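Undergrad: Residue strings, one per chain:
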Amino acid sequence: MLEWRRRREPSTLMLLASPLIAIGLTMVIGMIVFTAMGYDGFHAVESIFLTPFLEPQRWGDIGVKGAPLVMIALGLAIGFRANVWNIGAEGQYVMGAIAGTGVALLTYDMTGWWILPAMVLAGILGGMAWAAIPALLRVKLQVSEILTSLMLTYVAVQFLYFLVRGPWKDPGGFNFPQTRMFTADQTLPTVLEGSLVHLGIPAALVLAVIAWLLMEKTTAGYAIKVVGLAPAAARHGGFSAARTTWATMLISGALAGLAGLFEAAGPFGQLTPQFPVGYGFTAIIVAFLGRLNPLGIVFGGIVLAGTYVGGEIAQSTVRLPQAATGLFQATLLFMLLATDVLVRWRIALKRRVA
Amino acid sequence: MTSAMLVSILMTLIAASTPLLLASLGELVAEKSGVLNLGVEGMMLCGAVAGFAVAFSTGSTGIGLIAAIIAGVAASMIFAVLALSLMANQVATGLALTIFGIGASSLIGAGFVGRTITRLQPVFPAMLSEHPLLRVIFGHDILVYLSFALVAAVGWFLRRTRPGLILRAVGENDASAHAIGYPVIAIRYAAVAFGGALAGLGGAYFSLALTPMWADRLTAGRGWIALALVVFSAWKPGRLLLGAYLFGAVMTLELQLKAAGVTWFAPEVLAMAPYLATIAVLTMMSLGRKTGRLDAPACLGKPFSAS
Chain A
-4 MLEWRRRREP
6 STLMLLASPL
16 IAIGLTMVIG
26 MIVFTAMGYD
36 GFHAVESIFL
46 TPFLEPQRWG
56 DIGVKGAPLV
66 MIALGLAIGF
76 RANVWNIGAE
86 GQYVMGAIAG
96 TGVALLTYDM
106 TGWWILPAMV
116 LAGILGGMAW
126 AAIPALLRVK
136 LQVSEILTSL
146 MLTYVAVQFL
156 YFLVRGPWKD
166 PGGFNFPQTR
176 MFTADQTLPT
186 VLEGSLVHLG
196 IPAALVLAVI
206 AWLLMEKTTA
216 GYAIKVVGLA
226 PAAARHGGFS
236 AARTTWATML
246 ISGALAGLAG
256 LFEAAGPFGQ
266 LTPQFPVGYG
276 FTAIIVAFLG
286 RLNPLGIVFG
296 GIVLAGTYVG
306 GEIAQSTVRL
316 PQAATGLFQA
326 TLLFMLLATD
336 VLVRWRIALK
346 RRVA
Chain B
100 MTSAMLVSIL
110 MTLIAASTPL
120 LLASLGELVA
130 EKSGVLNLGV
140 EGMMLCGAVA
150 GFAVAFSTGS
160 TGIGLIAAII
170 AGVAASMIFA
180 VLALSLMANQ
190 VATGLALTIF
200 GIGASSLIGA
210 GFVGRTITRL
220 QPVFPAMLSE
230 HPLLRVIFGH
240 DILVYLSFAL
250 VAAVGWFLRR
260 TRPGLILRAV
270 GENDASAHAI
280 GYPVIAIRYA
290 AVAFGGALAG
300 LGGAYFSLAL
310 TPMWADRLTA
320 GRGWIALALV
330 VFSAWKPGRL
340 LLGAYLFGAV
350 MTLELQLKAA
360 GVTWFAPEVL
370 AMAPYLATIA
380 VLTMMSLGRK
390 TGRLDAPACL
400 GKPFSAS
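Sequence lines, in order, name chains A and B.
Note that my numbering has the first sequence beginning at -4, numbered continuously upward.
Note that my numbering has the second sequence beginning at 100, numbered continuously upward.
Derived from the structure by calculation, the hints contain no laboratory data.
If you're wondering where the values come from, they're calculated on a predicted model, not measured in any experiment.
Computed footprint of chain B on chain A, listed as stretches where at least three residues anywhere in the stretch have a Cβ under 8 Å from a Cβ of chain B:
id	segment
1	134 to 144
2	153 to 159
Okay, derived cross-link-like pairs now, PhoX-like style, lysine-lysine, Cα gap no bigger than 25 Å in a straight line:
id	chain 1	residue 1	chain 2	residue 2
3	B	K401	A	K135
4	A	K164	B	K357
5	B	K401	B	K335
6	A	K135	A	K220
7	A	K220	B	K401
Beta carbons are placed, not taken as given, at the ideal position from N, Cα and C, and that holds for glycine.
With the hints as constraints, model all of the structure from the sequences given.
TA: Right under this line is the structure:
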């Protein structure tokens, strides 16, 4: 018989290999399930996991979808390391976009280089403010940040609906529920001429490096990890759990808000009810796929962005419904969590009891 | 206020509260055994879509309810294998289950959008169930009565029976329970399955009783409110009943104000109400709390391994 045996030390090999095993298992399961449902399972999996990466004309699209995922996931991962479970990044993303759009609507008849930086600042502050509420409740009253941050997501989305249908509706927009289009000074510059690739993509990569330096090379990063792994030891070491909660929540709120502003000032160019697409939730999968490591998250963001792009390809090639993308993403997270066991445990032959 | 209006408001209140009560009662039992399953919303959606699809295909809401239970339990078993057998992080696993439920229900439900079925019928004969006043008591479907019966049954089970005591022991101190010889993991599997069954039924209440028509993301975050209700209840079934009806009242008020055409609130502001109320209630719970961790089971959310 086989049994699980605890490893003396976590396996570094498995730490790196388990995300790849998880992706492989997700592809196999996806193939089986979608074939059983009457779709062309093989081509569905090929479209979602391979085609986006093999066709260079898709890479720009992967970058556009990957940038917000990476930015949000970087912040979430820092929190998860400290056992702070901000799962309301979607709400902070929306509030960041709303705050930035507020600046855009105030300045729509102005010009100047300062407008976009002001929007960026507003976006960061908007996300931080929305994350500060669960942080305050957790630190002062021990209210679970899991539930409050999630509830605030629903509130933020309704607030967005209220704004675009009411006070912020474009006066010249034929009564459609959407804001004015942003002006040239309010739009994120593109990096590659004639493509969708905007400033948010290099920004996400730079932020990943900064987050890596923070977590691996500074005392603050060390404190965050100790608070998460050994709260009692952290107290002895003089690391404050309350300060860690504040810091990690505000960082993740800031990054989610920034991602939201980039999305509004980039691909969208305005706010519409279709703005919240669930990046805040998918970023949780990105964080885990990247093993909560900032550089791993860049890899995770590329894979998950690929599933979005690939999901669209599969809609046209094998008529796979859009919802299948979400199912693939959930399966991937299931497989990641399942293969995680290999890091700390190994399978061995059962020892005979003498 | 006329008695007819009052009766109608009470009927809405009971209908709005029942799915919350069912789902949160199941989660309460799972949490009492020490398992935090954040996948309630996902399990509810699985139950909702399975119940609708089967009821639509067979023409029987009864068979639909059974399918909803099976779907809820099946979804909860994905969680159990990962979080209990493979010791995965329970928060992340529960979130994955919700993302899964959203995707699966949307995929399966795609063929049913806009289709309708005959809704779940009242249990009692028309003479009672359509009586202008007595329908407050006799005018409900089976799940309403079941939800009340289950509150009593779960309360009795947890407090007065030996298996209930063992389940609580597993949640309070898994290592000791294991040392005495109780199968910790097996008991937690059972508690998670019970939670899955009730979440499935709670979800099916949306698709089979409230709106007998399929729409994407039908449960609209009620699974998360059910999770908050368990905290509100301080893990006591009686208080859970109170909490579920309190939230039912908030949602009823939302519907009544909308129906009455109250315009000084935007509809979006009204739609925020249940979520803001959840935050308010969680905050008040903490303010009123005297001891450490809100009476939560001591092992809540912690993985257990025998070796």
